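Using the sequences plus the hints, can you model the full thing?
Residue numbers (my numbering), protein chains in the order written: chain H, 1 to 286; chain U, 287 to 537; chain R, 538 to 860.
Since the hints were made in silico from the structure, they are not lab data.
Bear in mind the structure is a predicted one, so any value in this text is a computation, not a measurement.
Any given hint could be a false lead.
What the hints assert, rightly or not - The calculated lysine to aspartate or glutamate pairs, modelled on EDC-like cross-linking and capped at a C-alpha distance of 20 Å, are: (1) H:K79 / H:E174; (2) H:K79 / R:E857; (3) H:K79 / R:D853; (4) U:K428 / R:D853; (5) U:K428 / R:E857; (6) U:K489 / U:E319; (7) H:K164 / H:D182; (8) U:K414 / U:D466; (9) U:K489 / U:E473; (10) U:K348 / U:E366; (11) U:K428 / U:D401; (12) U:K377 / R:E730; (13) H:K164 / H:E174; (14) U:K428 / U:E463; (15) U:K421 / U:D466; (16) U:K346 / U:D309; (17) U:K377 / R:E729; (18) H:K161 / H:E185.
What the hints assert, rightly or not - Okay, the calculated bits of chain R under chain H, using three or more residues with CB under 8 Å as the criterion: (19) 648-659; (20) 825-837.
Beta carbons are placed, not taken as given, at the ideal position from N, Cα and C, and that holds for glycine.
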Amino acid sequence: MFSQAIINGILFGAVYVCIGIGFSLAWGVMNIINLAHGSFIMLGAYVTYSLFTHLRIDPFLTTPISMFVLYFIGYASQKYLLNYVIRSSIFITLTFTFGLQILISNIALLIWTADYKSVAPSYAGEGLVIGDWVIPYIRLGIFIIALILTGLFYLLIVKTKTGKAITATALNLEGARTVGVDVAEIYARTMGISAALGGAAGALITPIMTITPFIGGPLVGKAFVVAILGGLGSTMGALVGGMVLGLAEQIGSLLLPSAYQEAIGFIVLVLVLVFRPQGIVGKQFY
Amino acid sequence: MNKEPILTGQHVSKYFGALRAVDNVDVEVYAGEILGIIGPNGAGKTTLLSMINGTLPITKGKIFFRGQEISGMRPYRIAELGISRTFQIVKPFPGMTALENVTLGALFGRNRERDMSRAMERAAETLKRVRIEGKEYVLVEKLNVSERKRLELARALTQNPDLLLLDEVMAGLNTREIEDIMALIQEVNRAGTTLMVIEHVMKAIMGISSRIVVLHHGQKIAEGTPAEISENRQVISAYLGEKYSRGMQET
Amino acid sequence: MVTLNRKVYTTLFIAAFLACAVFPYIASGFWIRLVTLIFLSAILAQGLNIIAGFTGYAAFGNMIFFGMGGYTVGVLMTKVQVSFLPSLFVSGIVGIVTGILLGMLLLRLKGHYFALASLGAAEAMRQILDNLTGLTGGAMGLTLPQMAGKPAQVNTNFYYIMFSLLVLSFAATYWMSRRRLGYALKAIKANEESADVMGINTTLYKIVAWSIGGLYTALAGGIYAYWFTFIEPATMFDVVVVVKLFVILLLGGSGTVMGPLYGAFIFEGISEIVWSRFLHLHLGILGILIILIIFFIPNGLIDTVRRGFSLKNIRDTIREQRV
Numbered sequence: 001m002f003s004q005a006i007i008n009g010i011l012f013g014a015v016y017v018c019i020g021i022g023f024s025l026a027w028g029v030m031n032i033i034n035l036a037h038g039s040f041i042m043l044g045a046y047v048t049y050s051l052f053t054h055l056r057i058d059p060f061l062t063t064p065i066s067m068f069v070l071y072f073i074g075y076a077s078q079k080y081l082l083n084y085v086i087r088s089s090i091f092i093t094l095t096f097t098f099g100l101q102i103l104i105s106n107i108a109l110l111i112w113t114a115d116y117k118s119v120a121p122s123y124a125g126e127g128l129v130i131g132d133w134v135i136p137y138i139r140l141g142i143f144i145i146a147l148i149l150t151g152l153f154y155l156l157i158v159k160t161k162t163g164k165a166i167t168a169t170a171l172n173l174e175g176a177r178t179v180g181v182d183v184a185e186i187y188a189r190t191m192g193i194s195a196a197l198g199g200a201a202g203a204l205i206t207p208i209m210t211i212t213p214f215i216g217g218p219l220v221g222k223a224f225v226v227a228i229l230g231g232l233g234s235t236m237g238a239l240v241g242g243m244v245l246g247l248a249e250q251i252g253s254l255l256l257p258s259a260y261q262e263a264i265g266f267i268v269l270v271l272v273l274v275f276r277p278q279g280i281v282g283k284q285f286y
Numbered sequence: 287m288n289k290e291p292i293l294t295g296q297h298v299s300k301y302f303g304a305l306r307a308v309d310n311v312d313v314e315v316y317a318g319e320i321l322g323i324i325g326p327n328g329a330g331k332t333t334l335l336s337m338i339n340g341t342l343p344i345t346k347g348k349i350f351f352r353g354q355e356i357s358g359m360r361p362y363r364i365a366e367l368g369i370s371r372t373f374q375i376v377k378p379f380p381g382m383t384a385l386e387n388v389t390l391g392a393l394f395g396r397n398r399e400r401d402m403s404r405a406m407e408r409a410a411e412t413l414k415r416v417r418i419e420g421k422e423y424v425l426v427e428k429l430n431v432s433e434r435k436r437l438e439l440a441r442a443l444t445q446n447p448d449l450l451l452l453d454e455v456m457a458g459l460n461t462r463e464i465e466d467i468m469a470l471i472q473e474v475n476r477a478g479t480t481l482m483v484i485e486h487v488m489k490a491i492m493g494i495s496s497r498i499v500v501l502h503h504g505q506k507i508a509e510g511t512p513a514e515i516s517e518n519r520q521v522i523s524a525y526l527g528e529k530y531s532r533g534m535q536e537t
Numbered sequence: 538m539v540t541l542n543r544k545v546y547t548t549l550f551i552a553a554f555l556a557c558a559v560f561p562y563i564a565s566g567f568w569i570r571l572v573t574l575i576f577l578s579a580i581l582a583q584g585l586n587i588i589a590g591f592t593g594y595a596a597f598g599n600m601i602f603f604g605m606g607g608y609t610v611g612v613l614m615t616k617v618q619v620s621f622l623p624s625l626f627v628s629g630i631v632g633i634v635t636g637i638l639l640g641m642l643l644l645r646l647k648g649h650y651f652a653l654a655s656l657g658a659a660e661a662m663r664q665i666l667d668n669l670t671g672l673t674g675g676a677m678g679l680t681l682p683q684m685a686g687k688p689a690q691v692n693t694n695f696y697y698i699m700f701s702l703l704v705l706s707f708a709a710t711y712w713m714s715r716r717r718l719g720y721a722l723k724a725i726k727a728n729e730e731s732a733d734v735m736g737i738n739t740t741l742y743k744i745v746a747w748s749i750g751g752l753y754t755a756l757a758g759g760i761y762a763y764w765f766t767f768i769e770p771a772t773m774f775d776v777v778v779v780v781k782l783f784v785i786l787l788l789g790g791s792g793t794v795m796g797p798l799y800g801a802f803i804f805e806g807i808s809e810i811v812w813s814r815f816l817h818l819h820l821g822i823l824g825i826l827i828i829l830i831i832f833f834i835p836n837g838l839i840d841t842v843r844r845g846f847s848l849k850n851i852r853d854t855i856r857e858q859r860v
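The structure is reproduced here in structure tokens:
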């Protein structure tokens with residue numbers, strides 16, 4: 001029982017890593033808490049849904065496509081909208097991204113309606129059985145892709161010119177500007193990457209969740225916790241944060257009535273914020 | 287100068303993990319004097335000041351002000367006891383005018399004004415004292431560096447502190463502005479305020495201090511009159527390196 | 538530049554006050570209800586204004602007070618058979634105590650952390666009340682007894698009750714803004730560290746601010762519960778309401794005393810028009826509205842009108858906020 005909970009925790013944690021990594025990037029680099037991140041994930045899910053339903057493409061294979069589409073949506077949102085309000089107060093930027101979230105959700109509502117949609121590939125429900133443990137194929141797939149994405153993201157940040165510019169901008173905005181970094185453009189690319197990662201998360205959750213235009217909200221909540229637990233802007237942090245959240249939830253549901261999950265989550269969150277605001281991993285951009 | 291110090295720091299230390307930013311420093315400040323604090327960058331000067339005014343909690347040791355232990359008190363309480371400070375990088379209230387900034391200073395603290403108009407009057411007088419005239423209604427964002435430094439000083443002064451802590455108030459000023467502020471500091475001191483001044487501008491700090499304390503790597507390495515300090519080998523070594531001070535011996 | 542001189546402003550103010558006082562005698566039930574809702578929004582916005590607009594702490598979870606207040610009245614009236622006014626009184630106390638306890642816990646956090654931690658608190662409370670089915674009816678909601686009297690009279694009664702709370706809370710806010718508390722909050726918002734070293738007990742003032750705002754919000758929640766006679770956790774702790782309140786503050790000007798009222802009138806007015814014409818696009822339009830408002834008039838409509846509507850002003854404002 002317990003060991004299955006740990007396995008589930010890691011597998012579920014992988015989803016949280018995907019959900020949180022883009023969110024943490026935007027927050028760590030631009031100090032934007034992007035409440036619309038959930039909508040990006042939702043759109044990624046719908047892209048996958050459409051491709052699966054109309055073209056019979058396997059959801060995992062649609063991941064790059066979702067990422068591609070969302071990159072442009074994120075890039076455009078930053079370049080033409082968010083960049084113009086980015087230096088105002090917190091409540092303005094939070095409200096703004098919330099407004100964006102509402103807008104995107106309602107556009108999705110118009111296009112796809114509020115009907116529950118789902119994606120069920122042929123191998124749904126099947127899995128590896130090792131002794132007492134069950135590892136569903138879909139969850140395993142998500143886990144592997146999560147690791148690949150995290151690795152690719154890390155390489156992007158560390159090896160590419162854009163990645164280095166992003167890091168520089170995050171660490172010292174004025175300094176980066178002085179050496180010639182086009183901050184507005186870098187911010188736009190950062191949001192593009194953030195949205196792309198969200199899109200990937202969306203693609204990956206389609207086989208395990210029903211999709212509606214309003215799944216974004218709770219997902220942002222999870223992303224927020226992942227970011228806090230792991231520390232902002234840190235790749236390793238998102239990995240750790242997601243896993244910890246997954247494990248905490250699975251093990252927690254064994255020990256405590258699930259009814260109070262959110263209350264407990266809140267208490268844990270506040271404890272972390274008060275006593276270790278830099279997150280478990282500890283590196284902090286912001 | 288009185289015999290009893292108004293501020294005493296005993297074994298004052300601040301550790302950040304393994305880093306000893308301030309290590310076992312004893313310091314006394316006597317009423318009416320200007321105590322200069324100098325030392326190379328990273329010596330722990332600002333950290334020491336921040337522990338005195340409560341911004342940073344003290345790791346070890348105790349600080350007494352007028353016999354009362356203030357180590358561990360919150361900054362606002364220490365301000366109410368009569369200690370004011372300025373910051374190295376000024377922290378004015380954005381979006382407000384110079385007068386509004388200083389008026390806020392007059393409304394709080396030990397000598398707070400009950401009445402808004404009296405607070406504004408006192409603020410206006412203080413602005414005159416620091417020679418910001420004609421710019422009372424200008425937003426702080428529009429003031430230049432020298433004016434902002436003097437504004438920060440005004441905000442601290444308007445609370446009539448017994449002990450004023452100045453942290454590199456001359457940083458970023460040109461020669462003329464430095465001379466002006468030196469004169470101002472001396473005026474403030476003559477009017478009865480005791481001062482602890484951190485400075486890098488040697489000529490200035492040597493010129494106005496009655497005594498000087500030198501910090502290096504968090505420790506106090508020398509203490510004395512400006513004349514004594516300027517000839518102290520350890521101090522010279524700390525600033526200019528071993529070789530130079532050895533070289534000086536030969537001259 | 539549009540400035541009103543003192544006399545004109547006072548006269549308009551008194552006229553508006555009198556107009557509100559006699560409104561139910563000249564308007565139909567629909568309009569009375571609408572204006573009562575506007576008053577409610579204004580009170581909630583003012584409650585948020587004190588902690589967010591004046592003090593700079595964006596309390597995204599401020600609805601926790603609304604829910605606590607509403608459920609206090611609900612539970613007292615249904616389970617303990619207490620009448621409305623004593624229940625309302627208790628809900629006010631609950632608001633203040635919640636503000637103090639939550640404040641002691643969360644006001645040490647800054648910026649985004651505070652905003653979202655407060656939201657977490659509201660969500661946690663929502664879930665707790667969802668699950669205390671015996672006490673609160675859980676997710677299925679709680680039904681309160683109705684006020685005695687003919688519907689039209691009851692409608693008018695609630696108009697005056699809400700109006701009274703509006704006048705009291707706004708007067709209190711005005712009074713506060715002219716005293717040391719108001720200035721301390723402004724200083725804290727401008728630069729908390731400076732405020733601290735200047736002798737302002739920031740922790741105390743922040744907690745007082747949040748508790749005052751919490752008081753208004755809880756009382757409003759209590760009145761709302763008795764008025765609508767049905768409450769459920771999902772609506773009482775709804776975060777979308779807080780976002781709406783932020784927009785109201787943006788429209789009317791945050792950190793000002795009358796801003797919440799102006800903003801509420803404008804917002805609910807627009808809402809009414811949109812609702813009646815574009816029902817199914819309602820939320821989507823809210824989203825667009827938020828984006829447009831923040832883009833073009835982040836300092837509030839009143840401030841923009843005062844500085845004069847010009848392309849130059851808009852361009853300057855954008856320039857200040859862009860990357």
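- request: Against the earlier hints, flag every one the structure doesn't satisfy and list their numbers going up.
  value: 11
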